[in-house]
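Here is how the chains run, residue by residue.
Protein chains: 2
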Amino acid sequence: MSRKPTLKDVAAAAGVSYQTVSKVLNGQGNVGQETHERILKAVDELSYRPNITARGLRNQATRLIGYSWKPMPPDQANPILDRFLSSLVKAAENAGYHVLLFPSQENDDDIAANYRELVRTNRVDGFILSSTNYDDERIRFLLDAEFPFVAFGRSNPDWAFDYIDVDGRAGIRAATRHLSEQGHSRIALLTWPGATKAKSRAGTSRTNGYYDAMNEAQLPIDPAWTREALGIFKHGFEQTQLLLMLPEDRRPTAVVAVDDQLAIGAMHAALESGLRIGAQFGVTGFDDTPGVQLLRPALTSVRQPIWDVGQRIVEVLVGLIQGAPTEQTQILLEPELIVRESSVRVGDL
Amino acid sequence: MSRKPTLKDVAAAAGVSYQTVSKVLNGQGNVGQETHERILKAVDELSYRPNITARGLRNQATRLIGYSWKPMPPDQANPILDRFLSSLVKAAENAGYHVLLFPSQENDDDIAANYRELVRTNRVDGFILSSTNYDDERIRFLLDAEFPFVAFGRSNPDWAFDYIDVDGRAGIRAATRHLSEQGHSRIALLTWPGATKAKSRAGTSRTNGYYDAMNEAQLPIDPAWTREALGIFKHGFEQTQLLLMLPEDRRPTAVVAVDDQLAIGAMHAALESGLRIGAQFGVTGFDDTPGVQLLRPALTSVRQPIWDVGQRIVEVLVGLIQGAPTEQTQILLEPELIVRESSVRVGDL
Numbered sequence: 002m003s004r005k006p007t008l009k010d011v012a013a014a015a016g017v018s019y020q021t022v023s024k025v026l027n028g029q030g031n032v033g034q035e036t037h038e039r040i041l042k043a044v045d046e047l048s049y050r051p052n053i054t055a056r057g058l059r060n061q062a063t064r065l066i067g068y069s070w071k072p073m074p075p076d077q078a079n080p081i082l083d084r085f086l087s088s089l090v091k092a093a094e095n096a097g098y099h100v101l102l103f104p105s106q107e108n109d110d111d112i113a114a115n116y117r118e119l120v121r122t123n124r125v126d127g128f129i130l131s132s133t134n135y136d137d138e139r140i141r142f143l144l145d146a147e148f149p150f151v152a153f154g155r156s157n158p159d160w161a162f163d164y165i166d167v168d169g170r171a172g173i174r175a176a177t178r179h180l181s182e183q184g185h186s187r188i189a190l191l192t193w194p195g196a197t198k199a200k201s202r203a204g205t206s207r208t209n210g211y212y213d214a215m216n217e218a219q220l221p222i223d224p225a226w227t228r229e230a231l232g233i234f235k236h237g238f239e240q241t242q243l244l245l246m247l248p249e250d251r252r253p254t255a256v257v258a259v260d261d262q263l264a265i266g267a268m269h270a271a272l273e274s275g276l277r278i279g280a281q282f283g284v285t286g287f288d289d290t291p292g293v294q295l296l297r298p299a300l301t302s303v304r305q306p307i308w309d310v311g312q313r314i315v316e317v318l319v320g321l322i323q324g325a326p327t328e329q330t331q332i333l334l335e336p337e338l339i340v341r342e343s344s345v346r347v348g349d350l
Numbered sequence: 002m003s004r005k006p007t008l009k010d011v012a013a014a015a016g017v018s019y020q021t022v023s024k025v026l027n028g029q030g031n032v033g034q035e036t037h038e039r040i041l042k043a044v045d046e047l048s049y050r051p052n053i054t055a056r057g058l059r060n061q062a063t064r065l066i067g068y069s070w071k072p073m074p075p076d077q078a079n080p081i082l083d084r085f086l087s088s089l090v091k092a093a094e095n096a097g098y099h100v101l102l103f104p105s106q107e108n109d110d111d112i113a114a115n116y117r118e119l120v121r122t123n124r125v126d127g128f129i130l131s132s133t134n135y136d137d138e139r140i141r142f143l144l145d146a147e148f149p150f151v152a153f154g155r156s157n158p159d160w161a162f163d164y165i166d167v168d169g170r171a172g173i174r175a176a177t178r179h180l181s182e183q184g185h186s187r188i189a190l191l192t193w194p195g196a197t198k199a200k201s202r203a204g205t206s207r208t209n210g211y212y213d214a215m216n217e218a219q220l221p222i223d224p225a226w227t228r229e230a231l232g233i234f235k236h237g238f239e240q241t242q243l244l245l246m247l248p249e250d251r252r253p254t255a256v257v258a259v260d261d262q263l264a265i266g267a268m269h270a271a272l273e274s275g276l277r278i279g280a281q282f283g284v285t286g287f288d289d290t291p292g293v294q295l296l297r298p299a300l301t302s303v304r305q306p307i308w309d310v311g312q313r314i315v316e317v318l319v320g321l322i323q324g325a326p327t328e329q330t331q332i333l334l335e336p337e338l339i340v341r342e343s344s345v346r347v348g349d350l
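Sequence lines, in order, name chains A and B.
Position in the first sequence (first residue = 1) + 1 = the working numbering.
Position in the second sequence (first residue = 1) + 1 = the working numbering.
For the record, the hints were derived by calculation from the structure and aren't laboratory data.
Just so we're clear, the structure is a prediction, and the values are computed from it rather than from any experiment.
Among the clues, some could well be false.
Pairs involving identical chains hold if they fit within one copy or between any two copies, as the list cannot separate such chains.
Simulated crosslink set (DSSO-like; lysine-lysine; CA at most 27 Å straight-line) [what the hints assert, rightly or not]:
#	residue 1	residue 2
1	Lys198	Lys235
2	Lys42	Lys91
3	Lys91	Lys71
4	Lys91	Lys24
5	Lys24	Lys5
6	Lys42	Lys24
Input sequences plus hints: build the corresponding full structure.
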């Protein structure tokens with residue numbers, strides 16, 4: 002059909018009453034499972050979308066915000082989750098909202114399916130997404146559905162949506178500059194797979210920060226110094242072993258890592274090859290994961306302003322939900338380099 | 002009044018209609034702030050409680066479960082949050098529920114107030130509580146309100162409520178036994194303040210596990226070996242320094258800590274006094290915080306079956322909400338001792 006489908010079209014297609022469709026789409030119970038499924042099938046086939054503005058005017062707000070993130074594997078610390086959630090909930094409660102959880106589950110072959118059901122049934126008023134990437138299916142779906150959301154992180158440059166992000170490029174630039182100021186001239190980069198080919202959104206930003214600082218300091222860049230590795234200890238360890246096997250005149254004396262796990266792996270590879278961390282081999286991480294201050298030597302890392310990100314994301318999302326006429330929000334917050342022993346030269350090489 | 006107050010009594014006391022009270026208590030909008038407050042005041046004064054069973058029968062289920070926990074300070078890792086939340090959401094979604102977040106905020110002088118509002122307004126069908134303690138106000142309130150909840154953790158022995166907990170006593174007993182099997186006979190305990198005087202629920206269980214194992218191994222127990230310390234690095238470090246100042250024949254050669262932060266503090270105090278961890282000084286932690294396997298030496302720790310706890314808590318709670326006739330559930334799950342270098346003697350003392 003060429004005109005926009007209405008609730009009545011869905012009712013006709015599903016062979017039920019207008020009221021039954023409305024019940025299902027508003028998440029109200031008392032409709033049999035079979036009927037429920039028939040209605041959702043009709044919604045899909047007709048590409049029916051509830052009118053968001055009208056929905057707001059009808060005062061059917063749920064006062065719920067959905068938060069979506071990608072959980073870490075069990076043996077890895079999530080450096081920001083606890084604080085970020087505390088911040089989100091605090092800001093949401095101040096605005097009269099509660100936060101509902103949507104971790105992406107392993108083996109999720111159809112990520113958008115979860116969102117489709119939630120949007121269709123009006124379970125939440127809006128979403129907050131983190132762990133974003135290029136071609137992020139969640140963002141694509143929510144944009145198509147014209148559903149309110151704000152991302153912690155960026156995605157495709159030509160997708161117009163609201164986000165708050167931390168300027169990872171500035172963070173890695175600061176870390177690299179710090180190492181060059183400590184007298185290092187052969188500085189390597191441990192970054193995530195695809196970051197150099199624009200396949201990892203956060204990785205690409207951070208990688209660019211390394212090149213910025215190397216160029217600003219007029220340091221040579223050896224292609225062999227940029228190593229791609231999954232953000233886990235083992236890969237940081239192995240890639241650093243490879244770096245340390247380079248001929249002496251090409252062998253790095255410092256490593257900038259795009260996360261703390263890679264940095265800790267690098268530290269241990271250098272330690273095992275007999276180098277003193279800090280004095281002989283500089284290492285920096287990213288995230289300032291709680292606990293890295295306890296490593297010996299303590300790890301220099303880039304700290305994200307997590308609390309602020311949470312506060313501002315909720316503020317922007319509530320504005321979107323309540324229809325306040327705002328410009329699109331695309332904000333980069335500055336991270337802070339926390340200098341500790343792992344990157345400070347206390348002696349000579 | 003002697004009979005149980007009804008919705009109509011609340012309406013009369015607040016000077017509004019029955020329907021308006023119902024709207025407010027069911028979290029539906031469109032009621033002015035002043036009226037809203039007047040109604041909640043009347044609810045309080047009359048100690049009105051909605052009939053939970055009737056509410057279920059009226060099919061006003063929210064399909065929402067609230068999760069309440071105490072966030073960690075920013076410089077400390079939360080060892081279980083990410084995995085626990087993933088497990089809760091997975092189990093909840095399988096049962097047709099979503100999870101809503103209620104971190105306790107700092108400077109919360111009236112913890113129960115948050116719950117009162119939620120229970121009164123039917124925002125959730127039930128609660129999951131973690132970070133429980135003796136005299137836990139949340140538990141007291143939810144018991145009084147006869148509102149469905151399940152705790153991850155225990156509280157006062159005479160309070161009858163459903164919980165799943167990890168057997169911390171068995172975990173610390175296993176760690177202590179392991180150290181005695183490694184040949185240590187002077188084993189100290191770092192535990193939380195109040196644990197020896199039954200002021201910290203989890204701390205008391207863990208502390209008892211130490212005494213169990215020391216008695217089973219027929220080892221002497223010096224009162225100076227039990228040190229109370231807040232569960233942070235600094236306190237573990239300082240208390241271990243004090244232990245190492247004891248006269249040689251009373252000086253411990255191993256420390257069992259009730260959390261990983263204390264254990265890492267203990268490791269560093271021993272390292273700084275020139276001891277080799279493992280070979281000369283044994284250390285064990287608790288939680289198996291992601292990352293402790295990366296410490297050098299890697300930390301022996303007690304791992305909680307977090308995923309299982311999440312799955313079973315949701316199962317029990319959904320049973321309570323849906324009124325399935327079950328016995329009270331009070332389950333202790335076994336933790337697992339993960340032995341790493343920090344507790345294994347590879348040489349002689």
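Tested hints:
In this assembly of identical chains, Lys198 and Lys235 lie within 27 Å of each other by CA distance solely inside one copy; the values are 23 Å within and 44 Å between copies. In this homomeric assembly, Lys42 and Lys91 come within 27 Å of each other (Cα to Cα) only across copies, at 24 Å, whereas the closest approach inside a single copy is 38 Å. Taking the shortest alpha-carbon separations for Lys91 and Lys71, both the intra-copy value of 21 Å and the inter-copy value of 13 Å come in at or below 27 Å. For a Cα distance limit of 27 Å, the shortest separation of Lys91 from Lys24 across copies, 25 Å, qualifies, whereas the shortest one inside one copy, 31 Å, does not.
Within a single copy, Lys24 and Lys5 get their C-alpha atoms as close as 21 Å, which meets the 27 Å cut-off; across copies the closest is 34 Å, which misses it. When the C-alpha separation of Lys42 and Lys24 is checked against a cutoff of 27 Å, the pair qualifies only within one copy, where the shortest distance is 15 Å, while the shortest distance between copies is 32 Å.
When held up to the earlier numbered hints, the structure conflicts with none and fits them all.
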